[in-house]
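Undergrad: Sequential numbering of the first sequence, starting at 1, is according to the numbering used here.
Do not take every clue at face value.
Said to hold, decoys possible - For each label pair, taking beta carbons as the anchor points, the in silico distance ranges come out as: (1) A192 / L18: 22 to 30 Å; (2) P196 / E149: 23 to 31 Å; (3) S292 / A60: 30 to 38 Å; (4) A60 / V251: 29 to 37 Å.
The hints are simulated quantities; they were obtained by calculation from the structure and are not laboratory data.
Please read these numbers as outputs of a predicted model, since none were measured by experiment.
Every residue, glycine too, gets a C-beta built ideally from N, C-alpha and C.
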Amino acid sequence: MSKSRRLLAWYRDAARELPWRVEPRDPYRVLVSELMLQQTQVDRVVPRFDAFMVRFPTLATLAEADVSKVLEAWSGLGYYRRARSLHRLAREVVARGSGLPQTAAELCALPGIGPYTAAAVASLAFGAAEPVLDGNVMRVAARFLTMGEEARRAPGRAKALRWVRGLMEGAEPGRVNEALMELGATVCTPRAPACPLCPLREECRARVEGRPEEHPPARRVREPEHLRWLAACAVSGRGRWLLRRVEAGAVLRGLWLPPFADAGDGDVVATALGLLPFPVDGGVSLPPVRHSITYRRISVVPVRVAVARELPLPDGWAWADPLVPGLPTSSLLAKLVRRANK
DNA sequence: AACTCGGGGGG
DNA sequence: CCCCCAGAGTT
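Go ahead and model the full structure; you've got the sequences and the hints to work with.
TA: In structure tokens form, the structure reads like this:
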């Protein structure tokens, strides 16, 4: 039995059932899932995906929606550029009127779609023979071919793509792509791979050499930066929170959060109160919550402030139910709410 | 090629 | 704590 036959047989038996893998494949579902899955694990996408599809069941409904509603449905998923890109993409494609493009080249020209997502949508939704190369597939290829440092450079990636394309001979390209990604996610894992379960184990050079975990080599990352912020958590008598739209150019731009700032060296409570658009009597600082944004490790000190009345607010400010804000936000809000209510 | 952008789960 | 994840866009 050939490599690709063994791979596909394994996939038929072992693949997880996921909401975007329903037959027949809906290109729109494939598109949304691929955007959500960029740098985001399957387990975290599944619940958000279902909610998103209920809210925006078709490309047309997505195009008609306000971008803030799309961001709201994306809240907590991270990498919010993806949501803005998806919304722009929907508007462009709907305005064009000819439906979602079916070739990788045309898909790649749309906002938020790069080489990986273009190949994924073209193959999974439209059957095109386009090999994908994501983190999972790169790891499988790097181990099978013992690529070592080569895996980090452009020629190595091209080699991996050729290897995937070779597996597509006489097979459904989309299934091959999906099977390799599934294999990387569930068997050929970064640490402690389950080689005995792998359909490619016999010819895998890294397994034969006994060091699969050394391929590909860990990528170097930017030195973590440790920051200390404070957040002014003003809660009204009705239990709503004072939120502010984060300014352009800042991290979490465009999302709605309690006003926050660098904690600096001064008095935390005083600094927090200074962020509010109206005077208050005082506040109390709570134990910090941890939040990370790419290379930043942030310790956020909540300063809880009780506000009797919901005073009128300037533009860019709002009173909102923190659990169902009805506004785009970050998971940082939920962390602050949990801390403040404990 | 390097840097930025969220966030959480597993070792 | 460190590591990685169905990457793309910008510089």
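Undergrad: Give a verdict on every hint.
TA: Results of checking the hints against the structure:
For A192 and L18, the Cβ-Cβ distance of about 23 Å falls inside the hinted range of 22 to 30 Å, so the restraint holds. At about 27 Å, the CB distance of P196 to E149 agrees with the hint of 23 to 31 Å. Between S292 and A60 the C-beta distance comes to about 37 Å, which sits within the given range of 30 to 38 Å. Under the hint 29 to 37 Å, the C-beta atoms of A60 and V251, about 33 Å apart, fit the expected range.
Checked against the numbered hints above, the structure breaks none of them.
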